[in-house]
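Keeping their order, the protein sequence lines are chains L and Z. Terminal number for the first sequence in this note's numbering: 318, no gaps in between. Terminal number for the second sequence in this note's numbering: 1197, no gaps in between.
Just so you know, these hints were derived from the structure itself, not from any lab. Just so it is clear, the structure is predicted and the values come from calculations on it, not from any experiment. Virtual Cβ for every residue (Gly too), placed ideally from N, Cα, C. The hints are all genuine.
Just the calculated beta-carbon pair ranges, DEER-fashion:
no., chain 1, residue 1, chain 2, residue 2, range
1, Z, N1119, L, A57, 29 to 39 Å
2, Z, P1033, L, G2, 55 to 65 Å
3, L, K61, Z, A1008, 38 to 48 Å
4, Z, G1015, L, L112, 27 to 37 Å
5, Z, S1007, L, L6, 54 to 64 Å
6, Z, I1005, L, S64, 42 to 52 Å
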Amino acid sequence: MGEQLLWAVVKFAAVLGFMSFNAIFLVWLERKVAGFIQYRYGPMVTGKPHGWLQTIADAIKLLSKEDIIPALADRKIFILAPLVMIVPTFLLHVVIPFGPNLIVKDLETGVLFFFAVSGFTTLAIVMAGWASNNKYSLLGAIRAIAQLIGYELPLIISVVAIVLLSGSMSTQEIVRSQATWPYIILQPIGFLVFFIAALAELGRVPFDLLEAESELVAGYNTEYSGMRWAFFFLAEYGNLAVMSAMVATLFLGGWQGPILPPMIWFLLKTYLVAFVIIWIRWTFPRVRPDQLSKLGWKYLLPASLVNLALTSLYVVII
Amino acid sequence: MLREIGSALLNLAKGLGLTFKKMLEPKYTMHYPEERWHVTPAFRGMPALLSDTETGQLKCTACGICERTCAVEAIKLETVVGEDRRKQLTGYQVDMARCVACGLCAESCPFEALTMASNYELAGYTREQLVYNLSELAEIGKDYTLNNQKPLPQSVFSTYFAEGGFCYLKSDGSKQSAPKPRTRMGKRGLVNEVSQK
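Given only the sequences and the hints, what does the whole structure look like? Please build it.
Next comes the structure, spelled out in structure tokens:
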């Protein structure tokens, strides 16, 4: 009993460390990549080689900000919303296979757990938008819901095809069953659908209506300041890391690779996917809300269903 | 429809390729303060009082033309009439918070006692710091003597081409020319230079 408790604490600390490292690293990476694409360097000064301390400096600044809660806001929900955003991100790290034996808990329904828990983002956004007592926040939240709900179906259906091929919902099993060919080669349509739906679920460009509204008018996190806003921000980058890890696990072969240790392969693949996502952000313009809905329901959903049908045929016949 | 999707994906990939190439190209950032703009001699920074190299006296005769010419009333003179019934300069004040660096004062000075210095880092913590008095202006003017004569403001173009265009100094003192502009005048207006060599 005591040994299990100790292991639990160790795993908790490891996940917390990984999540913090990801938040710091991915924000820095985003700013550097954004800079390089725009003919400039990113942060260069805080932390002499290429400003690697910039995110930590930003976090310290955010900690020292005043905590403002609007007078007419729904206090309990307002305070709970950032927590509802960040705790599922933390939970999602449970099913990510870092190595052949490096997984917090190899659930047999790992994939189902992952996509069930990642749906809490929607709830957090609703809570934030409603509790802010700000009609623009509410509108932003409603649009965010439309986007997130619309893209959950293609996301999950494209994963069902993978589950069919590998025969298990456990993430470790899916990685192991990619020993011959990674699923990106066997399921190109599935990969494309999953990637686009994942971009929409993360709220990243070209589907960043959630964030862009914040820049332009308002959004679900307008009324949040200081550390509360930082929770949303960290949750976004935590989700980015976790979703990249999931893409690497489901389609790129997880921790498998020839020479290097498995964990290095896994991290390489995860950060490669994260890099591509960041690269996409600074390349493409934003879609309109109607284009967004059209893409999700009229193109991605049929594509994922066709993919599932073809995969089922293959599995049944061969 | 499949063809549309295919061509759409191809164009998306082309866009990604373009931004990836941009990541690998040289950057335009000037790492201030290690690298600064190297201004041409005709650059108009702040006014400075010139001294005569032989006698060491200020060339200013307190005529007051600069004070009257200044469009924003940034220059204030204080004079006293000496025994030889000539005006002598006791105080000279330039309020850099008002000065717009137009150069009219230097242009209008009949004795070439005023010049536009080249320093552009003029910020201060208080408004009092921004008001330069006689000794400070003379001190700044010491860098610009007869041997290092600054041309009048209207010859800015001649010095631009002579110096080879705008450039900035790197930390080791060498000059780094500013990047070539990415637009040129095409047949029907400005054209972006997208293709790289």
